[in-house]
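Position chain B against the provided structure of chain A, taking the given hints into account.
Residue numbers (our numbering), protein chains in the order written: chain A, 98 to 211; chain B, 15 to 128.
Derived from the structure by calculation, the hints contain no laboratory data.
All values derive from a computational prediction rather than experimental measurement.
From the three backbone atoms N, C-alpha and C, an ideal C-beta is built for every residue, glycine too.
Don't take each hint at face value.
Distance ranges between label pairs, derived from CB positions [claimed, not checked]:
#1 R207/A with T19/B: 44 to 50 angstroms
#2 Q125/B with Q154/A: 23 to 29 angstroms
#3 N75/B with D153/A: 30 to 36 angstroms
#4 S42/B with T167/A: 31 to 37 angstroms
#5 T193/A with S17/B: 21 to 27 angstroms
#6 T91/B with N197/A: 20 to 26 angstroms
#7 S66/B with N162/A: 32 to 38 angstroms
#8 N112/B with D170/A: 32 to 38 angstroms
#9 S17/B with P158/A: 16 to 22 angstroms
#10 G111/B with G160/A: 21 to 27 angstroms
#11 S177/A with K83/B: 45 to 51 angstroms
Rough simulated footprint, nothing fancy, chain B against chain A, three-plus residues with beta-carbon under 8 angstroms [unchecked claim]:
#12 144 to 155
#13 177 to 186
#14 194 to 207
Coverage of chain B stretches by chain A, computed from C-beta distances (three or more under 8 angstroms per stretch; other residues unrestricted) [what the hints assert, rightly or not]:
#15 60 to 66
#16 88 to 96
#17 111 to 125
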Amino acid sequence: NAGVTQTPKFQVLKTGQSMTLQCAQDMNHEYMSWYRQDPGMGLRLIHYSVGAGITDQGEVPNGYNVSRSTTEDFPLRLLSAAPSQTSVYFCASSLTRTVNQPQHFGDGTRLSIL
Amino acid sequence: AQSVTQLGSHVSVSEGALVLLRCNYSSSVPPYLFWYVQYPNQGLQLLLKYTSAATLVKGINGFEAEFKKSETSFHLTKPSAHMSDAAEYFCAVSDGGNTGKLIFGQGTTLQVKP
Numbered sequence: 098n099a100g101v102t103q104t105p106k107f108q109v110l111k112t113g114q115s116m117t118l119q120c121a122q123d124m125n126h127e128y129m130s131w132y133r134q135d136p137g138m139g140l141r142l143i144h145y146s147v148g149a150g151i152t153d154q155g156e157v158p159n160g161y162n163v164s165r166s167t168t169e170d171f172p173l174r175l176l177s178a179a180p181s182q183t184s185v186y187f188c189a190s191s192l193t194r195t196v197n198q199p200q201h202f203g204d205g206t207r208l209s210i211l
Numbered sequence: 015a016q017s018v019t020q021l022g023s024h025v026s027v028s029e030g031a032l033v034l035l036r037c038n039y040s041s042s043v044p045p046y047l048f049w050y051v052q053y054p055n056q057g058l059q060l061l062l063k064y065t066s067a068a069t070l071v072k073g074i075n076g077f078e079a080e081f082k083k084s085e086t087s088f089h090l091t092k093p094s095a096h097m098s099d100a101a102e103y104f105c106a107v108s109d110g111g112n113t114g115k116l117i118f119g120q121g122t123t124l125q126v127k128p
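Bound-form chain B, shown alone:
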């Protein structure tokens, strides 16, 4: 069965510093992986997705993620944090079946300090 683990429920960085949000997955089939961002009192917005075309995936707002099969990881990075990046971030994997279900990690709250 597919599962997702996000390491660290809270991450705090200074403005301008590197952002690294960790995601590890478990999947019995080739995975399709997603990162979503949730701003306060809003729904989830797709940041980027991995669908096996390229291991380094670029998303919106300067974020990118690298798929590493050997490490079963799909970590999200951004070279320089901005105050507007403060939000909750979710990693998700498709369940591989025919339900269309996404399996979400627990979420990581990113705090950006001035």
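The shape of chain A in the complex, shown without the other chains:
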């Protein structure tokens, strides 16, 4: 029972490089989201998707792109990495976006931008 799988677990980039953080879930969840976690700030929503082909911006979307071509996958793209994007990134999914649905989190991708 894999749940939410994120790859890679660790990544170091140089400023200006681009990369894609992968997220996959095997629970047939409609709702998927990306958060970033920074010390003392909890988690902040970057982008979310309520189903295949539908995405929207969260609280801190600048510098990130997403797409949702399948129910299972929700990759996060950094277009031109900046040191301010050094963070831990979490992908989460839930059955629906209904407010009482608990979210299931992946183990995170720890990203450093030099």
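Leaving out everything else, chain B in the frame of chain A:
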């Protein structure tokens, strides 16, 4: 707008002592509240959730939380701390809209001393 405040970024208790982690919320609609736990280098795991069915909510690993509307609080407790409880704990509230967004507190790191 919804918000969450966790009082105390670090809490230290002795093994066997009471654990009390504080969470206060602000919400313009009836809130749905969650506690998540994060062990080192792992993702967030749901401890318990409040969805208005009962004010005292029991979760996993012996934790429970009581919803107090008059105090706008949802404090997390455990009668007897175990070394394995050392982790970071996050309180979160659903944003009440249709984004599925969770609004997280800043987190509280629990240290358990032998």
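Against the structure, the hints come out as follows:
1. R207/A with T19/B: 44 to 50 angstroms: Distance hint for R207/A, T19/B is violated at roughly 27 angstroms.
2. Q125/B with Q154/A: 23 to 29 angstroms: violated, 37 angstroms
3. N75/B with D153/A: 30 to 36 angstroms: Hint holds: Cβ distance 34 angstroms, inside 30 to 36 angstroms.
4. S42/B with T167/A: 31 to 37 angstroms: Hint holds: Cβ distance 36 angstroms, inside 31 to 37 angstroms.
5. T193/A with S17/B: 21 to 27 angstroms: holds, 24 angstroms
6. T91/B with N197/A: 20 to 26 angstroms: Once the Cβ atoms are compared, 22 angstroms apart, the range 20 to 26 angstroms for N197/A and T91/B holds.
7. S66/B with N162/A: 32 to 38 angstroms: holds, 37 angstroms
8. N112/B with D170/A: 32 to 38 angstroms: violated, 23 angstroms
9. S17/B with P158/A: 16 to 22 angstroms: Since S17/B and P158/A have Cβ atoms about 20 angstroms apart, the given range 16 to 22 angstroms holds.
10. G111/B with G160/A: 21 to 27 angstroms: holds, 24 angstroms
11. S177/A with K83/B: 45 to 51 angstroms: Given a distance of about 47 angstroms, which is inside 45 to 51 angstroms, the answer is holds.
12. 144 to 155: holds (count 4)
13. 177 to 186: Check failed, 0 qualifying residues.
14. 194 to 207: Contact hint for the stretch 194 to 207 of chain A vs chain B: holds, 12 residues under 8 angstroms.
15. 60 to 66: holds (count 3)
16. 88 to 96: Violated - the stretch 88 to 96 of chain B has 0 residues with a Cβ nearer than 8 angstroms to chain A, which falls short of three.
17. 111 to 125: Check passed, 9 qualifying residues.
The structure is inconsistent with the numbered hints 1, 2, 8, 13, 16, although it conforms to all the rest.
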